[in-house]
Amino acid sequence: MTAPKGGYFGKILEVDLSKGEVKTRPLTDELARKFIGGSGLGAHYLTSEYKAKHDPWAEDSFIFIGPGPLNGTFCPGTRASFVNQSVYTGLISHAEVGGHFGNEIKWAGWDGIYIKGKSKKPVWLSIKDDKAELKDASKMWGKDTAVADEMILKEMKDPYARTAVIGPAGENMVPYAAVIVERTRAAARTSTGALMGNKKLKGIGIRGTKAVPTVDVAKFTEAAKVALQYDVDREAWQGIKRWGTGGLLEQKQWVTSSLITKNFQTTWYPDIEHIGGEQAARTFWKRHVACNNCPVHCMKLGVIRDGKYRGLIAEGPEYETGGLLGSNLLMKDFAGMMAMIELTDALGVDSISMGGVLAFTTECIDKGVLTAADLDGIKPKWGNADAYMELIRKTCYQEGKAGKLLSMGVKKMSQKIGKGSEAWAVNVKGKEIAAHDPRGDKGRAYSYAMGQCGGDHHEGDSSDLQARWGMINSLCMCSFVGGVPWLRETPGVVLNMLNPLCGWDMTDQEYWATCRRIITTERCFNVREGISAKDDRLHKRFLTEPLPEGPKKGWVFTAEDEKKMHDAYYKHFGWDEKGIPTEATLKSLDLDYLLDDIQAARKIL
Amino acid sequence: MKEEIKIPESINKQTSRRGFLKGAVMTTGGAIALATIGGVKPKEVKAAEAPKVVQRYLFVERQNCTGCRACEYACNIKHEGVVRPSTARVHVYKHKGVVDVPVICWHCDDHPCIAACPTNPKSLTVDPKSNGIIVNEKTCLGEKCMKCAEACPAEYVRVHPDSGNPVMCDMCGGDPECVKACLQQSGKPQGPCLIANTLGFGVNLAYRNVKPVKAAEDMMDLLFYPSKGDRPKTGKSGKGR
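If you read the protein sequences in the order shown, they are chains A and B. Taking my numbering, the leading residue of the first sequence gets 1, the next gets one more, and so forth. Taking my numbering, the leading residue of the second sequence gets 1, the next gets one more, and so forth.
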């Protein structure tokens, strides 16, 4: 049990909202080396502190916000990871969010923030270096995320501070609510927003003035400069620099044929030209925005110049927001789509799940299993932004019959509605999927079905990539900056930075074992909650309905594809055919503390 | 037989400002200059090696900033060895989550900070070679004074969290790291935002004399609300909805 030499401060900020006190929890070098940080460390805390079949709404539920060891250093594109047990699916969930929030945690001298308990009245957490305190948030309760952000900055009297706040959706505990960081970036897909709302924690403001301890400064800086150079040189990123991920909307429509359309009925949507990256560049985008030290600057900000929403500044369209709230709803009205995207940000709700829910509702109306009477008289039609805007607002405030119904999410909605609506209730492990159709882009099936969060598009598109992404998410690196450009050079490029930073002597072998350990730990949590191979499946729409149009007409994700995927994946990680980690695997990865739980789960599954 | 097309000499002549200046320098050179006037084509003249320019001013094109803070990081690596933006000699201020404003030392010719410095001799001096500001850590009164910060029209001067003295830009001795980092990060479609002034036309007072918040508000108007009345009145946040 030694204190870390570098890369970590060796302490985690522990906040108990029930008692209203803050403590320091030590982080040892051994634990840091085993789980790195971010999603890995969060997975360790979740598995070691929760018992099987944990109730996500319980008072001892916690949120772990973790930067990785590289955060706050010269390494480009570092993020922050929000890890918790999802109240939506009951499974482990982690969301990585860009911006400067993660770095600020490190500069304040912490390796993570661990928040548990429930407050009686609304509070917000102010962190200035070592000084952390809970402050009254009754004035900002009910405010949207942009206003709350401004109020926190004002109260901190520091314009250089960074914030993470929830909006009305989180306060009303919509199970797919998001945390909005620095106004435009969402830590979503994890239901962290709902959990924060449940804990009556409105937000976090943070500012630090320290530097991350580094063992060998010269060597580390040199390696970090090499890592940065990969991103500067990478030609593929020239497109992302210019178009952001919004440019992918056109590409996935015309080339990959994986742009989701009309609630996943097809992938052919030529009208994308009205709402895609080109249209945005012509009429909307004004600025490029980057995360720390990042040459890619994929985020675009723009303003609507005409019509009802004139003067509205919004971020996007990104590929996911433009897909879920654009093509999936057959939108042709660019301003309407941007207004929806901005509304989801402002109210603090996951735009991916929200888009999935809206598309499902519209198809229900189409097929006649839902009527306007069930939705307070609102009748959503494909491409009608006004009705969708009203439904988003109602959902976030859980208002009326429509709000109550839509805030249940696709899976529970279809259970309630019945009448065969399961056939188009597209979800994986109870969560809506993102904007890549796995029939056109078969690699994504790995990310959706095999990924531990379920329905997540960012977990790697093959067994090997998932292992790598376990590490990337624990280092809290951006996929664009740290994931893809370093692929061929990993682990070299990462280890060249990590070893001089932390004073380690990590080998390639240990690196790959750490990758597998992180994913296996996450899996063990899900296995205890009753997940096995039977749940690692795509929705049956992708298995039974071939693509009706487009360059990949007739493609379908077959049962053989699924079998192949399962076999390759479980073999890669050393799990049995049910998808449960074997005893030998757990022992070899030094995860002995999970043996009993997994043996017990194996008997039931 | 085709007639040979004669190109007028004036078209071939380089008429750029640089070429003009170069020619001007050459005339003082004597013999070679005479040769140029005599009709010898410029490329035949062996170009004199350009002297290394010392960059005396910083300039920031705020519209180009993406908020990546590469300038802060490069500054820290040069001066502190490790990244610690609270001590950086350049800051990036994010306004309402919408615009980023790099806050720099413009290296004013009138030096309001030095004029305001109460110590005798002055604790702030100008490096004659690079035009950078040097802080005398021994004589500086530090946090309890900070007259320089009050005097700075760009609200640039910050307190060092350890020493309590003001943090001043020394131009890295004439070759600023922040400028190089900005150039490396930029590319298509966004050009670099930090520029070191090689021509030496001085400080743009219209740019300098605005505080970061005002500069950010101006830039929001410029970028997002170019015509009058575009800016929504509702919503204190400025991100009207």
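Hint data in this document are derived by calculation from the structure and do not stem from the laboratory. Keep in mind that this is a model prediction, so the values were computed, not measured. Mixed in with the good hints there might be a few duds.
Going by beta-carbon spacing under 8 Å, a handful of chain B positions derived as facing chain A [to be verified]:
id, residue
1, Val98
2, Lys144
3, Cys145
4, Gly164
Examples of chain B residues lying across from chain A (beta carbon under 10 Å, computed) [as the list claims (entries may be wrong)]:
id, residue
5, Val92
6, Gly97
7, Leu205
8, Ala206
9, Asn209
Just so you know, even glycine gets a beta-carbon here, dropped at the ideal spot from N, CA and C.
Hints versus structure:
At a threshold of 8 Å, the smallest CB-CB gap from B/Val98 to chain A is about 6 Å, leaving the interface hint in force. Among the interface hints, the one on B/Lys144 is violated; its C-beta lies about 19 Å from the nearest C-beta in chain A, farther than the 8 Å criterion. With 8 Å as the threshold, the beta carbon of B/Cys145 stays out of range of chain A, its nearest partner Cβ sitting at about 20 Å, so the hint is violated. Contact between B/Gly164 and chain A, as hinted, is not supported at the beta carbon level, the nearest pair being about 12 Å apart and thus beyond 8 Å.
The interface hint given for B/Val92 holds, since its Cβ lies 9 Å from the closest Cβ of chain A, which is under the 10 Å cut-off. Taking 10 Å as the C-beta cut-off, the interface hint given for B/Gly97 holds, the closest approach to chain A being about 3 Å. Checking B/Leu205 against chain A by beta carbon gives a least distance of about 24 Å; that is not within 10 Å, so the hint is violated. For B/Ala206, the suggested interface contact is broken, since its CB lies about 22 Å from the closest CB of chain A, more than 10 Å.
Of the supplied interface hints, the one on B/Asn209 is violated, with its beta-carbon coming no nearer than about 19 Å to a beta-carbon of chain A, more than 10 Å.
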